[in-house]
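Enquirer: Between the sequences and the hints, there should be enough to build the whole structure, so can you do that?
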Amino acid sequence: MNKQSVVQLTSIDKSYRLGRVSVRALADVSLDITRGDFLALAGPSGSGKTTLLNLIGCIDKPDRGRIVIDGADVTALPLHRLAATRRDVLGFVFQTFNLIPVLTAWQNVEYPLLLRGTPRRERRERVERWLELVGLADHARQRPDQLSGGQRQRVAIARAMAGDPKLVIADEPTANLDSDTGARILDLLGEINTTTNCTFVFSTHDPALMARAGRVVHIRDGRVDRMADGGWQMAEQMPAHHLAATSASAIRHLPSAI
Amino acid sequence: MFTKLALRNIFRNRRRSAITLAVIVFGAVGLILFGGYKAITFRGLRESTIRRIGHLQLFKAGYAKAESQKPLEYGLENADAIRKEIERDPRVRTTAAQITLMGLISNGDKSETYIATAVEPRKDRESESHRLVSGTQLPDHELDAILIGAGLAKSMKAKPGDYLTLMTTTVTGSLNAMDVRVAGVITTGVREYDDRAIKMPIEGAQQLLQTAKIEKLLVFLKTTEDTAAVEASIRQKYATTLESKDWSQLASFYHQVVMLYNGIFGFLGLIVFGTVVFSVANTIVMSVFERTREIGTLLAVGTTRSKVWRMFFAEGFLIGVIGGLLGILAGVALAQLINSGNVMLPPPPGYTRGYPLHILLQPAVLVTSFVISVITATLSAIFPAWKASRMKIVDALGHI
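For the record, the sequence lines run as chains A and B. Position 4 (the first sequence) corresponds to 4 in the numbering used here; numbering is contiguous. With positions in the second sequence counted from 1, the corresponding number in the numbering used here is that position plus 258.
Think of the hints as simulated: they come from the structure by calculation, not from any bench. Treat the hints with care, as some may be off.
Computed list of lysine-lysine pairs in DSS-like fashion (alpha-carbon distance at most 27 angstroms, straight line) [unchecked claim]:
1. Lys503/B / Lys565/B
2. Lys471/B / Lys328/B
3. Lys61/A / Lys328/B
4. Lys262/B / Lys296/B
5. Lys480/B / Lys342/B
6. Lys381/B / Lys342/B
7. Lys166/A / Lys565/B
8. Lys61/A / Lys650/B
9. Lys417/B / Lys368/B
10. Lys342/B / Lys495/B
11. Lys480/B / Lys262/B
12. Lys368/B / Lys415/B
13. Lys166/A / Lys650/B
14. Lys61/A / Lys381/B
15. Lys503/B / Lys381/B
Expert: Set out below in C-alpha cells:
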C-alpha cells in the first residue's frame, strides 16, 4: 500500500427529509480515493452523487459512518469547524461556476488565498500563474458577467487550484456548458491532474465524460453499483517526466477563448 | 478585502441601495433640521429669559430660607459698594438693581392686582427685555412714571399719559399708595406676564415701600458660558453676606419649554429611527436572500461564519457612513435654504408673537445625526448578517 489515501469513506449512511418522507440518499457507501485519482462519480439524477460529493467536501455530515480526509477524521467535527479544512485542503468547482459577481477574475482567484492569509507577493505569483495556466491572463480584470461560461469555469478552476489543494471536488463541472466547451474544461482538469498529481473527484451523468475519467464509480439508489477504470489514465503507464512535459506543453497550447 | 467586498456589494444593486440611502438621508436631514431648530429655539428663549432675569441674581444671605413677613426684610442695604466691586470683573457686562413688589392698581373705578418690577430706567432701556406697544420707555429721574403690560392696560382702560394709583404694603407693614403716570404700554410676548406686569423706576418703588434697600442685584455677563465661573468667584468673595441664583435655577418656564420640545423631538426621533431601521434591515434581508448561493459558495471555499457575518455587518455600517455623510450635505443645504427663505412660524406656547424659522447648524447636531445614521444602519444589519452566517451550506448552494 504505497499509494497515499486522500479520502476514506466507511459505511456512510445519509438520509434527507423531503416534506414528511425520509429519503435515503446514501446507504452503506464505502470508498477509498487515493492521491492522484481522477475519479468520476457517475449515476442518474437523484442517485446520490451530489450528496456523496457534499460529504467528501465537508459541507454536509453523514448520519452514520466515518469520513477521513487527508488523514484527519472529520466525522465528529461540526461543519463550521471544518471551514479550515475546506480552505486548506479542498478546492471546489461548481456546476454553475459560483464566482463572486462583484470581484474580477483576478480577485476571485485571490479570494481563498486571502482567507488563508497568504502573503501578498506569493498571492500575486499564484494568481498570475493559475490565470495563465487556465488561459485567462488577458481577462484578469474582467468581472464574471463579462466572461463566457467556459471562461467562468476556468476562473473557478484557477480559484480552486490557487491554494494547492490536496483534493478538488467538482459537481457536474460541465453540465452548464456546451459539449465542446465541456470537453475542453475536462481536458484542462485532466492536464492539471497529471501535472500536479492533485486528486480530482467529479460527478457527471455524461458517458462521454466518464470515458475520460481514470476511475468511474457508478452510483445507483444511494449505493456503489460498480467501479471501473476509465480511459483517461492509460497515461499512467507512461514515465512521469514524459507525462509532465506533455501536459505542460498542452496547457500552454490551450485556447483561451473556449 | 472584506470592506472592499462589502462596498462593492452595496453598489451592486444601485437602485435598491439608492432607496436605502434616501431613507437614511431623509432621517439624517430630519434630525439635522429638528436639532437645528431646537437649538436656535432654546438659545433664543434662553437669551430672552436672561435679558429679563440676568445671568445671576444676588440676594442678602438668608433670603431664600426666610419666610419674610414684611417686604424687603431681607433686602440688600449696601448695594452700591457690592456693584462697584462686581462690575470690576471683566466678564461682567453690567449689573442692575431690582425690586419686585405686588399690590393693587386702580383707575378709580376698578382695581386689579399687579406685579411690579422696579428697575433702573437707563439699564431697563438697554436690556430690550420688552417691546413697546405705545408711549415711551421709562424716563430718567421721573419717580412716578410706569410702564404697564398690554393686558393690564386693557383691563385698566389706560393709555400713555393716563394716571393710575398703585397700592402696596410698606417695609413696616402699613399701607401706602402713590399716583403714577403711564409712560408706555409694553409686551414681553408672554401673555400671563403682560396681564399683570408693571415696570417702574427703582427710586419710585423705594419711595412707595418707604425704604432705601433693594431686593436683588441682577448680574449680566458678556457671554452666558461664563455664568458658572463668575458665580463661583462671587460666592467665594461674599460667602457670608450674599447668596446667589443663576438664570437656570430661576427660569422654570425655560426648562418647561426645553422639556416639552425634547419630549416631542424625542418621540419624532424614535419614529424616524424605527422607520430607518426597518427599511435598511429590509434591504439587507433582500440582499441576503438574493445572494444565498453566493453565501453558500463563500462558506464552501472556507470562509468562516464570523467573516460572513462581519461582511454583511460591514455593509450596514458602510451604508450608514455613506448615508450619514450625504445626510449632512443635504441637511446643511436644506437648512441654508430655509434660513434664506424667511419663513414665519406661529407663536410658541405662552407667547404672543411669531418669529422667523431659523435652523442653527451646530457641529454637535451634525455629528449626532451622523452617528445616529451609522448606528441605525449597523443595527439594521445585525439580523440579516446573522441569518446569512447561519445558512446551511448545502441548502444555500442548491438555492436558485
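Enquirer: Which hints from the list above does the structure break, by number from lowest to highest?
Expert: 1, 3, 4, 11 and 14
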